[in-house]
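Visitor: Residue numbers (my numbering), protein chains in the order written: chain A, 1 to 301; chain F, 302 to 629; chain H, 630 to 973.
It is worth saying that the hints were derived from the structure and are not from the lab. The C-beta atom is built at its ideal place from N, Cα and C for all residues, glycine as well. Heads up, some of the hints might be wrong.
Stated by the list, open to error - Cβ-Cβ distance ranges computed for the label pairs, FRET-style:
{"no.": "1", "chain 1": "F", "residue 1": "Gln-447", "chain 2": "H", "residue 2": "Ala-949", "range": "33 to 41 Å"}
{"no.": "2", "chain 1": "A", "residue 1": "Leu-113", "chain 2": "F", "residue 2": "Lys-382", "range": "49 to 57 Å"}
{"no.": "3", "chain 1": "F", "residue 1": "Gln-447", "chain 2": "H", "residue 2": "Asp-923", "range": "14 to 22 Å"}
{"no.": "4", "chain 1": "A", "residue 1": "Gly-130", "chain 2": "F", "residue 2": "Ala-546", "range": "51 to 59 Å"}
{"no.": "5", "chain 1": "F", "residue 1": "Ala-557", "chain 2": "H", "residue 2": "Arg-667", "range": "49 to 57 Å"}
{"no.": "6", "chain 1": "H", "residue 1": "Gly-916", "chain 2": "A", "residue 2": "Leu-113", "range": "56 to 64 Å"}
{"no.": "7", "chain 1": "F", "residue 1": "His-454", "chain 2": "H", "residue 2": "Ala-643", "range": "45 to 53 Å"}
{"no.": "8", "chain 1": "H", "residue 1": "Asp-923", "chain 2": "F", "residue 2": "Asn-473", "range": "37 to 45 Å"}
{"no.": "9", "chain 1": "F", "residue 1": "Val-601", "chain 2": "A", "residue 2": "Ile-284", "range": "55 to 63 Å"}
What the hints assert, rightly or not - Taking lysine to aspartate or glutamate pairs in the EDC-like style, the calculated list, with each CA pair at most 20 Å apart, reads:
{"no.": "10", "chain 1": "F", "residue 1": "Lys-314", "chain 2": "F", "residue 2": "Asp-578"}
{"no.": "11", "chain 1": "H", "residue 1": "Lys-910", "chain 2": "F", "residue 2": "Glu-500"}
{"no.": "12", "chain 1": "H", "residue 1": "Lys-843", "chain 2": "F", "residue 2": "Glu-570"}
{"no.": "13", "chain 1": "H", "residue 1": "Lys-910", "chain 2": "F", "residue 2": "Asp-524"}
{"no.": "14", "chain 1": "H", "residue 1": "Lys-910", "chain 2": "F", "residue 2": "Glu-541"}
As the list claims (entries may be wrong) - Facing chain H, according to a computed beta carbon distance under 7 Å, are these residues of chain F, among others:
{"no.": "15", "residue": "Glu-343"}
{"no.": "16", "residue": "Thr-489"}
{"no.": "17", "residue": "Val-490"}
{"no.": "18", "residue": "Ile-492"}
{"no.": "19", "residue": "Val-518"}
{"no.": "20", "residue": "Val-520"}
{"no.": "21", "residue": "Glu-521"}
{"no.": "22", "residue": "Glu-541"}
{"no.": "23", "residue": "His-561"}
{"no.": "24", "residue": "Met-564"}
{"no.": "25", "residue": "Arg-565"}
{"no.": "26", "residue": "Leu-569"}
{"no.": "27", "residue": "Ile-572"}
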Amino acid sequence: MAIQSPTVDIAAALVRPTVASASRGYWPSVGRRLRRDPVTLICAGVLLLVVLSSIAAPLLGLADPYKTSMIRRLYPLGSPSHLLGTDELGRDMFARLIYGGRLSLFMGVMPVLCALLIGGALGITAGFVGGKVNMAIMRVMDVFYAFPSVLLAISLSGAMGAGTENTLLSLTLVFIPPICRVSESVTTQVRGFDFVDAARASGASALTIVRVHVLGNVLGPILVYATSLISVAIILAAGLSFLGLGVKPPEPEWGLMLNTLRQAIYVNPVLAALPGVMIFITSICFNLMSDGLRAAMDVKA
Amino acid sequence: MSELLQVRDLHVKFVTPDRTVNAVNGVSFDVKRGETLGILGESGSGKSVTLRSILRLHPEHRTRWGGSIKLEGDEVLTMGKSALSDLRGQRVAMIFQEPATAFDPVFTIGHQIAETVRRHTGKGEADSWSRARELLEMVRIPSPAQRLKAYPHEMSGGMRQRAMIALALSCNPALLLADEPTTALDATVQIQVLLLIRELQREFNVGVIFVTHDIGVAVEVSDRIGVMYAGKIVELAPVEQMVDAPRHPYSRGLLASTVHDGMRGQRLEAIPGAPPDLAEVPTGCSFAPRCKFVQPNCIVRPPDLREMGGSHLVRCVLADVQEAGVAA
Amino acid sequence: MDSLLPLEDRGGPAQPLLLATGLRKHFPVAGGLLGRSRKVVRAVDDLSLSVAKGETLGVVGESGCGKSTVARLLIRLIKPDRGTMVLDGDPVDEPHGITVNELRRQVQMVFQDSYASLNPRLTIAETLAFAPKAHGLPAAEARARVRDLLDKVGLDPANYAERYPHELSGGQRQRVNIARALALRPRLVILDEAVSALDKSVEAQVLNMLVDLKTELGLTYIFISHDLNVVQYLSDRVLVMYLGKIVELGSVEAIYGNPQHPYTRALLSARPSMDPRRRTKEAPIQGDPPNPIDPPSGCRFRTRCPFAEDVCTRVEPPLADIGTQAVACHMRVVGSGHSKAATP
Chain A
1 MAIQSPTVDI
11 AAALVRPTVA
21 SASRGYWPSV
31 GRRLRRDPVT
41 LICAGVLLLV
51 VLSSIAAPLL
61 GLADPYKTSM
71 IRRLYPLGSP
81 SHLLGTDELG
91 RDMFARLIYG
101 GRLSLFMGVM
111 PVLCALLIGG
121 ALGITAGFVG
131 GKVNMAIMRV
141 MDVFYAFPSV
151 LLAISLSGAM
161 GAGTENTLLS
171 LTLVFIPPIC
181 RVSESVTTQV
191 RGFDFVDAAR
201 ASGASALTIV
211 RVHVLGNVLG
221 PILVYATSLI
231 SVAIILAAGL
241 SFLGLGVKPP
251 EPEWGLMLNT
261 LRQAIYVNPV
271 LAALPGVMIF
281 ITSICFNLMS
291 DGLRAAMDVK
301 A
Chain F
302 MSELLQVRDL
312 HVKFVTPDRT
322 VNAVNGVSFD
332 VKRGETLGIL
342 GESGSGKSVT
352 LRSILRLHPE
362 HRTRWGGSIK
372 LEGDEVLTMG
382 KSALSDLRGQ
392 RVAMIFQEPA
402 TAFDPVFTIG
412 HQIAETVRRH
422 TGKGEADSWS
432 RARELLEMVR
442 IPSPAQRLKA
452 YPHEMSGGMR
462 QRAMIALALS
472 CNPALLLADE
482 PTTALDATVQ
492 IQVLLLIREL
502 QREFNVGVIF
512 VTHDIGVAVE
522 VSDRIGVMYA
532 GKIVELAPVE
542 QMVDAPRHPY
552 SRGLLASTVH
562 DGMRGQRLEA
572 IPGAPPDLAE
582 VPTGCSFAPR
592 CKFVQPNCIV
602 RPPDLREMGG
612 SHLVRCVLAD
622 VQEAGVAA
Chain H
630 MDSLLPLEDR
640 GGPAQPLLLA
650 TGLRKHFPVA
660 GGLLGRSRKV
670 VRAVDDLSLS
680 VAKGETLGVV
690 GESGCGKSTV
700 ARLLIRLIKP
710 DRGTMVLDGD
720 PVDEPHGITV
730 NELRRQVQMV
740 FQDSYASLNP
750 RLTIAETLAF
760 APKAHGLPAA
770 EARARVRDLL
780 DKVGLDPANY
790 AERYPHELSG
800 GQRQRVNIAR
810 ALALRPRLVI
820 LDEAVSALDK
830 SVEAQVLNML
840 VDLKTELGLT
850 YIFISHDLNV
860 VQYLSDRVLV
870 MYLGKIVELG
880 SVEAIYGNPQ
890 HPYTRALLSA
900 RPSMDPRRRT
910 KEAPIQGDPP
920 NPIDPPSGCR
930 FRTRCPFAED
940 VCTRVEPPLA
950 DIGTQAVACH
960 MRVVGSGHSK
970 AATP
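So that you can see chain A by itself, here it is in the shape it has in the complex (with noise of 0.2 Å):
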């Protein structure tokens, strides 16, 4: 039998059809995984819920949560009127309660992203430029990462008095060395790949170089330990609230109704937990939500 050539017919059947498969790009196919994740998800409702509410807190018909009442204090959950109770002025625990998502979501998110500004610049330039660069930046940081982040807080806000300002200061004092230290492990991983090398060796000025190459590999491991310390602001900040250094009665503030509910917890304990409750849930969506995306984006795709 002698050997054919192969026909023009057998080689066109044999290619597979190369579908010009839309290539996904990295966020694409991170969407692609987080819609598969159930948890992330239902965390991501709770806290869009939450974040709503309080924005729209004005126009949802609420009771006004200043107004205070002699008569009605400590009315128990499922009240008529006071769907959730009143607090111990008589004041619309529903109310507050929303209102308070304000202030204390405001505490949360308002210093991990002054200390992301600050400390992931601080973190990359570290990272990028390296040497006594490196060197002096986190060590300035270690200094403050010799305190336990609470007893900073409370020390940084005693100092420096109560008030809403001066507790987003200390607490985004309190998370720029974490985020910077995040920031320049990952930013020197990504400086060792040879694409770094390659980007340096065609000659683009450093600033070209990190803009395109090091922040898109960045930014997102930076973001998802961003998220993770939410949590631990708003606990933080209830609970500068809660010692008196945060934010000042009559402002509803989770953490400080915590603290003036304190002598209603042998009366209705319930009610005294709420706040806690809210504080819980929104803490933990955010962790719970850190987790999925990092799972989502930690693929070797």
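Using the hints provided, position chains F and H relative to the given structure of chain A.
Guide: Just chains F and H now, kept in the frame of chain A:
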């Protein structure tokens, strides 16, 4: 020589929620005591998966097995936990590409070898240490008494690889599995380790399966060579026949595209294209899309492994055709 | 005006394209109190080489011999402790010379790890357009160049430009890396183990392509590899390194046909035999290469050399020209005191 290992129609499939990989699609071979079978293949050919299946090293929950692997008559694929742990290390030993990962960095080499000897033979403390020393001498590690006290990171790559071979042979296994053990080594060290494996194999009369992507290495150590492509052995032959007269177009292509002496200035004969995606079970010959000699019946059904005389097995519809046209 | 035209030859064919003299790089070893330590890895020690226009210079040696460091020094990814470089008559990074950035426009590099050398977040087109854009090429022209580059390396632009690295095979990724190295139309391309991670059948495809590109674009290559067969296939001249030093340098015929240094001979005979009837009987040399921290005194190869004598311990052999090649061995230096050396 009796059959030490019999692998029959082995299938290995990895199943994850995202995708399925048909890593091994019907592999059969035998290994006798005192013989070295080289398995040659490129990345993704299923050569390492086949090797690891013999010790059932793949994660059980997402691996689907088919076929049979018999070691001295015992079926490995259905073996119970205790029989399996007897198998691993005692009857079958394995050496890896990266010796650094085979040793625990926090214990000395001597401690780890002596520990293994003690566990498998029940020897006392002193006896197992002197056995460890003997083993290091056997793999030609200079000043073995001192080296026993060394930690893995204190040894060079070649020394670690020798120590791993000592560890593997510590319990007199019947079968030694080698997964690219010299790939990470420098050229002058690689040849030393290859010679050592060849020598120890004769001395201990073990069967060896040596997986590699390097034809030169396979030729140096093997008695027979099996060439794997897309989860199948496409050709299995004694080493001389494989080098002199390969029959499968893939084996030919592999030999022709390997750069060696005297090819300077010539154009290399590259195999066009890339290996197939293992997500689907192939309907025809897996190599057909890259094959120069593809026939209409190549894509209809997978060709069988055919005996070509002199225990030369080829999986190709053209295997018995005279070479005149093929060699061109 | 397109600022990225191919660069013109300046000094004529006889002037070396790249001339490096006395390159030295010692890396401090981390460890010791406060990370300070006196120990250094002598990665590259007083190495001089020249690359002629249009040739391929092969560099071989085992791990830790400093061949990758040489590559990074030549493209200035790391700064040499000492030594000078001259590119086609222009001193590099010196007054009256060219800047490091101008050097990088003319000298490019392909790395071994095809995956790590591509940014996973960028499409192939974005990766290829990066360098031309950084050099000020307008977007439309950069797009045209990306298409042209992909064509050159045998990847269909319509099919591959918008893909991400993880969607390509190892061979395809390495083609992209080669295309990127060509994006600035360099004159010299340093290939650092560029085909070592590829499967043999794919390696042959890429090697054929490298040969074609060299002719088509008039390139000069420095081809660094541990694979002696591939170096022999591709190179015109070969440089053999051992522990940061050149031990032998000569034409590919001289090095492979008549190696003079005992290390070169050992390296060549350590290649696995392709003939089962003539298997290697004995390893040419024993032991592993020593640690490049604290290399042996005198000749660095003496600890593994079967011919080592007293003089090898005391005196470092110079790289002596013996006509067909240059070799750093006392046995080839007249009057060196080695018993096998000729007496004056």
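Visitor: Taking the hints in turn, state whether each one holds.
Guide: Each hint tested on the structure:
1. F:Gln-447 / H:Ala-949: 33 to 41 Å: 39 Å, holds
2. A:Leu-113 / F:Lys-382: 49 to 57 Å: At roughly 53 Å between Cβ atoms, F:Lys-382 and A:Leu-113 fall inside 49 to 57 Å, so the hint holds.
3. F:Gln-447 / H:Asp-923: 14 to 22 Å: 19 Å, holds
4. A:Gly-130 / F:Ala-546: 51 to 59 Å: 57 Å, holds
5. F:Ala-557 / H:Arg-667: 49 to 57 Å: With Cβ atoms ~53 Å apart, the hint holds.
6. H:Gly-916 / A:Leu-113: 56 to 64 Å: 59 Å, holds
7. F:His-454 / H:Ala-643: 45 to 53 Å: 51 Å, holds
8. H:Asp-923 / F:Asn-473: 37 to 45 Å: 40 Å, holds
9. F:Val-601 / A:Ile-284: 55 to 63 Å: 59 Å, holds
10. F:Lys-314 / F:Asp-578: 13 Å, holds
11. H:Lys-910 / F:Glu-500: 11 Å, holds
12. H:Lys-843 / F:Glu-570: 18 Å, holds
13. H:Lys-910 / F:Asp-524: The hint holds at about 16 Å.
14. H:Lys-910 / F:Glu-541: Given pair H:Lys-910, F:Glu-541 holds - Cα atoms ~17 Å apart, limit 20 Å.
15. Glu-343: For F:Glu-343, the interface hint holds, since the closest Cβ of chain H sits about 4 Å away, which is under 7 Å.
16. Thr-489: Holds, about 5 Å.
17. Val-490: 5 Å, holds
18. Ile-492: Cβ of F:Ile-492 sits 4 Å from chain H, so the hint holds.
19. Val-518: 5 Å, holds
20. Val-520: 5 Å, holds
21. Glu-521: Constraint on F:Glu-521 satisfied, holds at 5 Å.
22. Glu-541: Hint on F:Glu-541: holds, closest Cβ of chain H at ~5 Å, below 7 Å.
23. His-561: This hint holds: F:His-561 lies near chain H, its Cβ roughly 5 Å from the closest one there, short of 7 Å.
24. Met-564: OK, holds: F:Met-564 within 7 Å of chain H, min 6 Å.
25. Arg-565: 6 Å, holds
26. Leu-569: Since chain H brings a Cβ to about 4 Å from F:Leu-569, closer than 7 Å, the hint holds.
27. Ile-572: Holds - the Cβ of F:Ile-572 comes within 7 Å of chain H, reaching about 4 Å at its closest.
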